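> So the chains spell out like this:
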Amino acid sequence: MSGEVIVFLLLSSTAILGGILMLNLKKVIHMLLAVVLTFLSLAGLYVMLSAEFVAAVQILIYSGAVTIVMIFGIMLTKHQAKEEKNKNPLRTTLVGLGIVVFFVTIYLAIRNLYFGQEATALHVNNTEQIGIKIFSYYVIPFELVSIVLLVALMGAVVLAKGEEGDEK
Amino acid sequence: MSSVPLQAYLIVALILFCIGLFGALTKRNTIIVLICIELMLNAVNLNLVAFSKFGASANITGQVFSLFTITIAAAEVAVGMAILIAFYRNKRTVNIDEMNTLKE
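Residue numbers (the numbering used here), protein chains in the order written: chain A, 1 to 168; chain B, 169 to 272.
One chain only, chain A, in its complex shape:
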């Protein structure tokens, strides 16, 4: 067993462990921290796939920004919130059953997937390659994404500000 396999097993089991903890913990803030564990180990998996820039962005955006926004959301609403027992076991069973069917279907589809060659030059000047690709082939999507971000920013401010004369 080579070192790469060991690192992969460690990172992927931490990622799945974070997800399972998220489903089973009681307090909302603990669930959020479990998901941060998943995000960090996914960043490690990105490094293994020679995507260093995406890994850095993952840590910055997900483990940083998204988590902080979520924590603000938790603290501004019910910060003592606990996930109470699910009162609808039938729905849980049905959803679980459906997801097992989905898992088996997709697993059978990807079990024998093989494309032959693999990219070997991705890790050489990774950020430079991404920059060249974005600014020479994907300029219009890039600008559209910036407009989406602007609209989301304004929409979030307008939605969260509330209506006039609503001060309590």
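Calculated from the structure, these hints are not laboratory results.
These figures come from a predicted structure and were not determined experimentally.
Positions of the beta carbon are idealized from the N, C-alpha and C atoms, including for glycine.
Hints may contain errors.
[To be verified] Below, a list of computed lysine to aspartate or glutamate pairs in the DMTMM-like style, where the Cα atoms sit at most 20 Å apart:
| id | chain 1 | residue 1 | chain 2 | residue 2 |
| --- | --- | --- | --- | --- |
| 1 | A | LYS27 | B | ASP265 |
| 2 | A | LYS26 | B | ASP265 |
| 3 | A | LYS27 | A | GLU4 |
| 4 | A | LYS78 | B | GLU266 |
| 5 | A | LYS133 | A | GLU143 |
| 6 | A | LYS161 | B | GLU272 |
| 7 | A | LYS78 | B | ASP265 |
| 8 | A | LYS133 | A | GLU52 |
| 9 | B | LYS259 | B | GLU272 |
[Unchecked claim] If you only want the chain A side, here are some residues facing chain B, beta carbon under 8 Å, derived:
| id | residue |
| --- | --- |
| 10 | MET22 |
| 11 | ASN24 |
| 12 | VAL54 |
| 13 | ALA56 |
| 14 | MET70 |
| 15 | THR127 |
| 16 | ILE140 |
| 17 | PRO141 |
Mind docking chain B on chain A? Use the hints.
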């Protein structure tokens, strides 16, 4: 030659997606549902990055796409949190099964 095959990454992403889907459909707290959606988007990102290394015409495009996905996910979280806070201001609850004002 990498010793970890493509299928391993795809299966990890599939398990994460299933966990996220299960949480999004069964949890009652809206914040947790948002987090589960983020988890599903992350699983898809892992697929994109894995295909950018092992895909049929493997090149850097997959990583560019995953950057776009991360951006959209960040915008989605901001808007979702704003909606959640506006809802909490009106109804003093974050339970998703009490979000039925449009039905009444």
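> For the restraint on PRO141 (chain A), tell me whether the closest CB of chain B is nearer than 8 Å.
holds, 6 Å
> Decide if the proposed pair is consistent with the structure: LYS259 (chain B) and GLU272 (chain B), CA atoms, cutoff 20 Å inclusive.
Within the cut-off at roughly 15 Å; holds.
> Would the hint on VAL54 (chain A) be counted as holding, given a Cβ-Cβ threshold of 8 Å to chain B?
Hint on VAL54 (chain A): holds, closest Cβ of chain B at ~5 Å, below 8 Å.
> Taking 20 Å as the top limit, are the C-alpha atoms of LYS27 (chain A) and GLU4 (chain A) close enough?
violated, 35 Å
> With chain B as the partner, please determine if MET70 (chain A) meets the hint condition of a C-beta pair closer than 8 Å.
OK, holds: MET70 (chain A) within 8 Å of chain B, min 6 Å.
> Grab the minimum C-beta distance from ASN24 (chain A) to chain B and call the hint holds if it beats 8 Å, violated otherwise.
Not OK, violated: ASN24 (chain A) not within 8 Å of chain B, min 10 Å.
> Quick one, is the ILE140 (chain A) hint okay against chain B at 8 Å, beta carbons?
violated, 12 Å
> LYS78 (chain A) and ASP265 (chain B) were given as a pair; does the straight-line alpha-carbon distance stay at or below 20 Å?
holds, 16 Å
> Against chain B, run the beta carbon of ALA56 (chain A) and see if the smallest gap drops under 8 Å.
Nearest chain B Cβ about 11 Å off; hint violated.
> With the threshold set at 20 Å, check whether the alpha-carbon distance from LYS161 (chain A) to GLU272 (chain B) stays at or below it.
violated, 25 Å
> Are the Cα atoms of LYS27 (chain A) and ASP265 (chain B) separated by 20 Å or less?
holds, 19 Å
> Taking only the CA atoms, is the gap from LYS78 (chain A) to GLU266 (chain B) under or equal to 20 Å?
Roughly 15 Å between the alpha carbons, so the hint for LYS78 (chain A) and GLU266 (chain B) holds.
Of the numbered hints given earlier, the model fails hints 3, 6, 11, 13, 15, 16; all others are met.
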